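Student: Counted the way this note's numbering counts, the sequence shown spans residues 1 to 792.
Simulated from the structure, these hints should not be mistaken for laboratory data.
You may find that some hints are simply not true.
Taking lysine to aspartate or glutamate pairs in the EDC-like style, the calculated list, with each CA pair at most 16 Å apart, reads [claimed, not checked]: (1) Lys87 to Glu159; (2) Lys647 to Glu458; (3) Lys651 to Asp638; (4) Lys512 to Glu726; (5) Lys721 to Glu777; (6) Lys764 to Glu726.
All figures in this text were calculated on a predicted structure; none of them were measured in a lab.
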Amino acid sequence: MEYAAHFTEDGRLQTVKEHLISVAEKGKRDSELINMPSLYYLAAILHDMGKNTARSDEYQRTVGSGGEWNKGKVVHSNCGGRYIYEKFIKNNDSDKTNNYTVEIISSVIMSHHGLFDFDYPKSGKENGFVTKINNTNYDYNECKKLTLDEVISEKEIEELYLNAKNEVNEFLNFCSKDEDKRKDGESIERIKLFNCSLLIRVLLSILVDSDHSDTAEFVNRIERPKLYGDAELWEKCCNYFEEKIKLFNKDTELNKIRAEISDKALAYSENSENIVRMTVPTGGGKTISSLRYAIHHAKKFNKNRIFYVAPFNSILEQNYNEIKSFLPDDVSVLPHFGDMLYCNYNESLATEQNIKYMSENWNSYVIATSMVQFLNSLFDGKISSIRRMRGLINSVIIIDEVQSIPYEFIRLFNMAMKFLAYICNCTIVLCTATQPPFEHMDYCLRLDESYEMINGFEDYSEKMRRTRIIDKTIPGGYTADNVADFLHSLSEDCRTILCVVNTKKAAFEVFKSTKHLFEDEKIVLVHLSTNMCPEHRANVIKNMKDEMKNGKRVLCVSTQLIEAGVDISFETVVRSLAGTDSIVQAAGRCNRNAERDIGYVYILNISNEYENVSSLKSIQKGKSATIGLLKRIKKKPDEYEDLLDLKAIKKFYIDYYKNFDKKDLYVEDFTCSIFEMLSTNEKGSYHTKTLLRAAMKTAGECFEVITDINESVLVPYKDGKELISELLSEGYKDYDAIIKKAQRYLIGLPKNKLKDSYISVDKKTGIRFLTDGYYDEIYGFSENPNLDFCYF
1 MEYAAHFTED GRLQTVKEHL ISVAEKGKRD SELINMPSLY YLAAILHDMG
51 KNTARSDEYQ RTVGSGGEWN KGKVVHSNCG GRYIYEKFIK NNDSDKTNNY
101 TVEIISSVIM SHHGLFDFDY PKSGKENGFV TKINNTNYDY NECKKLTLDE
151 VISEKEIEEL YLNAKNEVNE FLNFCSKDED KRKDGESIER IKLFNCSLLI
201 RVLLSILVDS DHSDTAEFVN RIERPKLYGD AELWEKCCNY FEEKIKLFNK
251 DTELNKIRAE ISDKALAYSE NSENIVRMTV PTGGGKTISS LRYAIHHAKK
301 FNKNRIFYVA PFNSILEQNY NEIKSFLPDD VSVLPHFGDM LYCNYNESLA
351 TEQNIKYMSE NWNSYVIATS MVQFLNSLFD GKISSIRRMR GLINSVIIID
401 EVQSIPYEFI RLFNMAMKFL AYICNCTIVL CTATQPPFEH MDYCLRLDES
451 YEMINGFEDY SEKMRRTRII DKTIPGGYTA DNVADFLHSL SEDCRTILCV
501 VNTKKAAFEV FKSTKHLFED EKIVLVHLST NMCPEHRANV IKNMKDEMKN
551 GKRVLCVSTQ LIEAGVDISF ETVVRSLAGT DSIVQAAGRC NRNAERDIGY
601 VYILNISNEY ENVSSLKSIQ KGKSATIGLL KRIKKKPDEY EDLLDLKAIK
651 KFYIDYYKNF DKKDLYVEDF TCSIFEMLST NEKGSYHTKT LLRAAMKTAG
701 ECFEVITDIN ESVLVPYKDG KELISELLSE GYKDYDAIIK KAQRYLIGLP
751 KNKLKDSYIS VDKKTGIRFL TDGYYDEIYG FSENPNLDFC YF
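Take the sequences, apply the hints, and build the full model.
Tutor: Here it is, written out as structure tokens:
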């Protein structure tokens, strides 16, 4: 019988058999790349077997043709999981590999419309796996018979299952390797269960992406092939890059060092290590050197994609343009700064447009994305985030300014990087001038024998030293007016000055005081913060560079967005007290190209009234560690020259990590960490029927709350205003083009601001946008038109 998987208003039918086979084939390549083809194929070929019933068919035809369904919920996603469980568990409880195999396949099937918890991390709830298996709100015998008769035979399933069991056995052996044990000898049970959670997630990601893509292609009659880089593509990229880099000047000592670092990166691209470090002093050209490594490495080892991951959108937006300029025009770089959509995937909205705009699937050869979006793809609970994870498979992943990862994320980060490297065949590149000692922590990052891409950091650091750091902190701290006075005193001898502070409120207050103090002087005053969209900031930075080239006096007051990833040089830098790593990054904007013998970086401490970081734990702990280090330098000046000394940086990290009382992302409501939720889940109420215990749904919800405190909003700045008008216009719209352009005109607003009167929503796409009049040409977003400024 031709039961419907999907049905359109024009009467076209996609049968369940057609859909199941197509989804299984669409994910075949990705599943082979992680050595899990049989696991995936079983999950895919059975994921919608529950649609093989007369009731589901009636529902699909009714809803697909535009009608209303009022006959109750139609369950289909549990059926395939139940079949695998009942067929292969039997009385085989003693065979743990068998049980793991069953639970992994079944949970992937039963999660393809949303995660569930095996055990909820509090007592009082039934095991979610058992609940789904026992759900009988569908005609199980009918869909089982039709699927086995028309789609795949029982014998084929049994053969696939034996292969899948072998795949799981090899995976469990990987999880049990001695080098993954904690230094205190704790059981590897947590590691194994945590890795099982990631395995379920990556298989689910392949399934969701294939499922959504197949649905979209059928409904919209448009085939959107998955893009995979190949030798020909990367060869073209390499040739283009090498021709362009020949044009670089090597006329100064600094440029010679940058060229030497770049050549070392090129030579290292021949190595097969999975997790490597690229430790380069600020100003050493690591963005371009890392890209050079990545494209040559991708060519050598046949990688699918290259990811550039930055901790802040400010770094991402600058380096995105630089990366684009070193690649051929027909090799697009996909920018993914953040999501603009508030709605989640809903089966009743399963049209091409809804799927496409709710979950961009990183379908490009080169992707530039933020650390938040990268981590969301690994841990966030939304279907759109889960879908993206498969894009990481077999990729080169450059993680820039890796020291910016908050301490409480490090265990999750270390474990996930090992999974990506050794299960998903990725090459991870950790880039920074201040490399954190991740390899020495609990659940450490496993580094290969030759993990340093660029040897000789200390020698390069000394040769490239262009600045001195001077401690100007005072008891009680500086007011905004005090900071302005200090900047004014520096301006008597300095033509260009950068002042970097820790919060948007401090940037506004200091800029306001500075503007008042300098109002009668000929000087270009610049304000930068993330209340301004990427295009706005880029334009301001470009104009500022032009003014500096023309010999104008320039004073810029900025948040941290300028201290990494921006190729700009000031004579003098003033940095509000922060972690030593941040101060080193800010120093990288001072005398960047060795225009003078030495440049000076001054550290000021701004009072809590103007810069309160009590809620910003990482900054607060970093400040505390830096204060201790500054005191030590004063007492023992022979021990460290200043904060730029490599020994001082190492000492900072030791003190910084000691300041944290909790080691993981801790969720107070459940009195446990997300790492625990995704592994042994000791707070859960256990049921002996499952070996897996992870609270994947709850962990995903909690991770989303922790990491994604802001939501993206389109603002009416220049072309952003036209994009908003286009959204609101009648008639056909090229939504794909709108969304790609819109990335340059987004700002992040706290979720509690999204219901305010100045936020509107396009109902068709879910894109949020800012009402005209609430965006200023100097400050960016303001809560009301008279610049009663927003301080969050």
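Student: Please list, smallest to largest, the hint numbers that this structure does not respect.
Tutor: Structure breaks hint 4 only.
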